[in-house]
Amino acid sequence: MLANREIIENNVQRLWSTFDDNQKTAVNAILNRWDSAGENSFVLPIIDGPPGTGKTTVAAVAIARYLLENPREQVLYMCYTNFAADCALKILNRLGFSEHQAIRIPANPRERGPGVFGFSDLEDLSGRERRMLDECPVLLCTLHRAGKASQLRRKGTRVLIDEFSQVNVPMFFATIERVKHLSPDCYALLGDPKQLPMVSTQPILYQNICSYIIGRKSDYEPFSLIFQHRMHSDICAAVNSLRRALGTFDIQTSPNVQNRNLTHPEFGYLYDEGIISDSTLREILDPNYPFVIVNTDNLNGYEEVSYKGSLKNTAEANLAVTIAEAFYEAYKKVNGEPLFPMILSPYSAQVIEIARRLPPLLQERCSTIFRAQGREYPCVIVSFVRNNPNRFIGFLDEPQLRAQTYVACSRAQGKLVILLSFRTFLNAGHVDFDYLCRTQSAHVVDIC
Amino acid sequence: MLEFYYSSALVSIMSDERPLPRWRRPDYSTLIENVYKIGTPDFDPFPTVTDVMNAAHCPVAAVHNILHGRDNALIEGTGGEIGMGKLFHEFIAHLKSEIAAGRRVRDVPQIRYIFENFARHEEEKRRMHCWQYYIEPWCRRKLDEISSIPTNANVFFEVSVANPYVPFLFESGERTYPLMGKIDEVDIENRRLIERTTMGRPDDKSPPRLKDFQLWLLWKTLCSINSEKYPEIWRNVNFKNFTLYIETPYRDFQVDTNRPEFERLTHRAYAWIHDILFERRGIHEAYDMRECTFHNRIEDCGLRWSCYGKRRPRPFRTVRDEMRNELRRMYVLLAYELIWSKHLFRYQLTMLDKPALEELGLITSGKILSYQNGNLEIELEPEQMDRFLAQRASGELGGYYIVFGSFFVGIKLKGNFVEQSGENKVLINTANVRVPVSSTALIVQTDPEITTYVDQPWFLTEWLQRDLFSLENWGLERDDKANSNPTIRMLETIFGVDYLRRDADNARQ
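Line order of the protein sequences matches chains V and X.
Heads up, the first sequence is in the working numbering, so the first residue is 10 and it goes up one at a time.
Heads up, the second sequence is in the working numbering, so the first residue is 1485 and it goes up one at a time.
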């Protein structure tokens, strides 16, 4: 079934040689069958992969190796968002899977393109289309589309669920119901249990399936991926501070990214310091400080209630825009391509406020932290908005949603700028922010 | 042939049942979303007529509807027949619209020809079945009546009605509940409301189960709406004097509007809906007070399999009990999730004024520029256009609903965004609507301004409930098959005492 077997084999070998021991063990666990556990036990590999540790790459290599060994089989890869499925599809394509060998089934039945094939009903497909899907070695879809995808397939498939932090208990078991008739010969879960859950009005539904299973089976220990390949070591230190606050293990920085700031050849930006006249702004933009915390106490402005009860902070929005424009002006590649920083905020009202102020070219570079989950950017500016005399920070302190800070910080690759009111956030019992500001690699800048 | 009937064979109503003291509606700050939506909602749901009918049919049907995402208790028949009612009704609406638009029909074979063309995309077996068992008997009875429909007759199909305060008599006063639904046909010409169904047999003496109750609820809702909320052409119509008809393929039944037992049934249904969602022993009591027993089953109940289905030995009983305990918690939470989203949205549409709805970004107003080949070109205000496009960019699922008339009485059409056809102009395709827009919706529209809103994917939450319930009831008979079935083994491990391992003994290195 794998016509380009040799190419895939070579690519897998090449990638395998770069894998660390944890990644190799995780791949092998996915490749083992559930029924090799013996009586009274069941094998369910769960891979705990913090940000940038290559969860999706591990999944892709496991899929490729499985299909090289079992060329007539099929794998069903599922995740919560279409974006995550697209990421996995890209990695599979890089491994050598053609557009007929890895197909994503989107929610929109009319969406079709290379490697993407939407349909509403199997009956509407021609024989050729049906065969193409039936014989496709890897099908990718969201969990909600699992029912459609599973109609296509013969028995004995392998089911991988990625980004399980967004898969809560009902969704997991509903998915099991949808794919159960395939009699999968392996289920595997990959994700970071500390990342943000799917949005819900019910706190119990925030619990992801990994935390639920571990809660029921206390002697179970997931596989952990500990080397991250995304963030500069200074940013990784900030992420580790937050991981410690969340009560989990530290991750280590892979040598090839530990000094990768914005001017590193891999990014290729040149920093033109002279273009920025303001000394504070120069300090914030300095590539030698990959992790900067800006104290916004002296800004003239407090948080305000806005659209649908969401919050905004106009002064902080102005500052975020000024910094973003300065990055855009000061960092350029040799070919003149500017740097497009990404501004994140936990509050949608602040995102709207910032987007309104940004110049047209940067307008799409602003998002809520929820939407940024699963993505990465060379340069990230985070506006935390809260500034009030009561030192109240709302859901940023709630057990299920405090991961906003962790997710926001771990999106940055080469530069992370955090805008924070120290008066509101620090020494007020908000553990995450206390830990974050105590990070040794943090360069603190006061706005005068 | 028309039959006027007096039915007393309804669900027994226990004399000691008391209605709720008050149906809780969201307060203003909840409506404008100034409260943090979390936990148990402090307001009751905004049910549809189907929800109320299910609760009136049997409290267990209400449990399945509210918690398990299954509302088919009153839909008779096999899987193949599901959706047949829609085809039956849509074709009759299409046929009547065509006649009102000037087409003449002479005989049944000509109607057959129209039907074959109308249902050409349907599977042949379904098409044949629908024609033979439903449409043909109906046409033979109604040929004279439909042939005499005058051109431009005031007949409307699929009219949506909603009101957060529908009054129902109680003792010497009344209680109000929110209610919404869709009337199959509003015939202003002949002053009648029609509910059409594929259920029913040639020798029936009364309408199919609770169909009369359904139409009566819709009529009550329609009559309860303030006349200012009606489309202009209906403002002088007194719906209280309308006659109500149930049409099956074989018979017509007139429904008396003065039905005290329906008033009591309504109070009882709402009480069940509330209790199942919010009372600690509500679900338990619902099962205790179910309408039938194993030996005395309601054979036409669409959910009897779930009450009296076969219980399989695997997963083991202890595992199944534990799993059921865990999942039951989830059903309720998912139902609360729906109240905070779907039901709150219904309250917002009917309790907030238009500027507030626009401010919240829940609706977009626009003007119809043209209607051609199923495509509606709509012009939006510049700032509304931004919001419209932002909603699209955020990747929200579902289509757009275009409301002709108001949220209280009107015609809602589902459409799909085609393209931005110019500055502040969008093209919405309504080609999937088989009843022509011009013959229904546009007539209701007296004001050129229409309202659109995005259809949120709430059905996904109902799917979750439904699939969890299927998993809860699923199992295998034979041990050897169960032992080699990974799903059974996984469930028995997670909810049982087996060890969960991350790796096999003979793990690869």
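Calculated directly from the structure, the hints in this document are not laboratory data.
One or more of the hints may lead you astray.
Claimed, not checked - Label-pair distances were calculated between CB atoms; the ranges are: (1) R384/V x M1773/X: 46 to 54 Å; (2) K226/V x G1793/X: 26 to 34 Å; (3) N327/V x N1518/X: 22 to 30 Å; (4) L77/V x D1526/X: 50 to 58 Å.
As the list claims (entries may be wrong) - The list that follows gives simulated cross-link-like pairs (lysine-lysine, DSBU-like), each with its CA atoms no further than 35 Å apart: (5) K342/V x K1794/X; (6) K317/V x K1713/X; (7) K1713/X x K157/V.
We treat Cβ as the ideally placed atom computed from N, Cα and C, and that holds for glycine.
Going through the hints against the structure:
Separation of R384/V from M1773/X is about 52 Å and conforms to the stated range, judged on CB atoms against 46 to 54 Å. Range check, K226/V to G1793/X: Cβ separation about 30 Å, and the 26 to 34 Å hint holds. Between N327/V and N1518/X, the C-beta spacing of about 26 Å keeps the proposed range 22 to 30 Å intact. For L77/V paired with D1526/X, a C-beta distance near 57 Å keeps the hint of 50 to 58 Å intact.
Straight-line distance between C-alpha atoms of K342/V and K1794/X comes to about 69 Å, which puts the hinted pair past the 35 Å bound. Restraint check for K317/V and K1713/X: the C-alpha separation of about 27 Å stays at or below 35 Å, so the hint holds. Restraint check for K1713/X and K157/V: the C-alpha separation of about 42 Å exceeds 35 Å, so the hint is violated.
The structure does not agree with the numbered hints 5 and 7 stated previously, though it agrees with the rest.
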